[in-house]
Amino acid sequence: MKKIERLISIVMILLQKEVVSASEFSRLFHVTKRTIQRDMETLSYANIPIYAEYGAEGGYALMEEYKFDKRLLNHKDIENILIALGGFEGLITNQEIQTTIQKIKGMTSADISPTLDLTFYDWVGRSQINEEILYIRQAIENNWLLKFEYVDQIGNKTYRLVEPYKVHFRELHWYLFGYSLERKDYRTFKLTRILNIQKDGFFVPRTDREFKHEKQHNEQKKLVNVQLSIDVAVRDQFIERYGKNAVIKETARSYLATIELPENHYAYQFLAGFGNKVKIIKPKGFIAKYVNFLEGAVELYK
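Residue 146 is where the sequence shown starts when you use the working numbering, and the numbers rise one by one after that.
All the given hints hold, so there is nothing to weed out.
Label pairs and their computed distance ranges (CB to CB):
no.	residue 1	residue 2	range
1	Lys389	Pro194	53 to 61 Å
2	Phe438	Lys335	16 to 24 Å
3	Leu326	Gln283	18 to 26 Å
4	Val176	Asn287	17 to 25 Å
5	Lys162	Asn301	47 to 55 Å
6	His410	Leu306	23 to 31 Å
7	Asn225	Lys427	36 to 44 Å
Below 27 Å or equal to it, Euclidean Cα-Cα: the simulated DSSO-like pairs (lysine-lysine) are:
no.	residue 1	residue 2
8	Lys367	Lys424
9	Lys292	Lys335
10	Lys329	Lys311
11	Lys148	Lys344
12	Lys367	Lys429
13	Lys329	Lys367
14	Lys335	Lys367
15	Lys329	Lys292
16	Lys335	Lys302
17	Lys429	Lys389
18	Lys422	Lys394
19	Lys162	Lys147
20	Lys302	Lys344
21	Lys311	Lys344
22	Lys311	Lys367
23	Lys292	Lys302
24	Lys424	Lys434
25	Lys344	Lys147
26	Lys329	Lys344
27	Lys148	Lys162
28	Lys329	Lys302
29	Lys422	Lys367
30	Lys422	Lys447
Simulated from the structure, these hints should not be mistaken for lab results. No experiment lies behind these values; they were computed from the predicted model shown. Quick reminder that beta carbons are idealized off the backbone N, C-alpha and C, glycines included.
Use the sequences and the hints to build the structure in full.
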């Protein structure tokens, strides 16, 4: 974190808390207490009224009259922001997000206890993904050219030189969107298939990247209308994903679900996860490809 960002964070945190010790600031920003003392001196020179309180419960505080009017955001606005940040923190935990949460909390003196909670599984591999995301974001901010090995879905390995532009989260997976110098076009790379990523010089950002990202994202949305017979045991999962209007009752134990799916292995894996609780009714072409997918899985056990 740059010094100016740390100084702004210190002010925002002091807007929320009465007194914060040098030790607490030191742990939060991963710097020494001496660095925090210099930061406080810098803020004082900038006419921000920070003062020190001594004793066992001592630390740094901000004069009460300095705390500004927060009429632009009401209590509910701040609660919604914290819910969103808290949900994102469940997916990718880093110091920047934690600091931002402290800043937002500093915009109100009221205790916030959100009525909506977002929880994600704490997978073991998430910490490694977090490290890669932080590195890629640093590369995007500094225009680093990245080189890495990329393993496709059938195990083929290629070497890529990529201009990174965006980290994208879709359907519980993280992706890197960038310009591949080998392919001379924009590509999306799944982070879990990237190996040995490292900096390889710098690049000048292209101006058409946002349009290309949206176009590529829309192309990936090509879907097929699929009709399913589903067991009552998995009804709630389909309603949660596709809405109540997509599920119609047939019998006491079965429902008819009409949904849209991509015609690829991701969709087949999704349906296979329901076991014998789901049967595809149509279209026939989709059924044939799904059966072929299942036969390939069964073949492993022969």
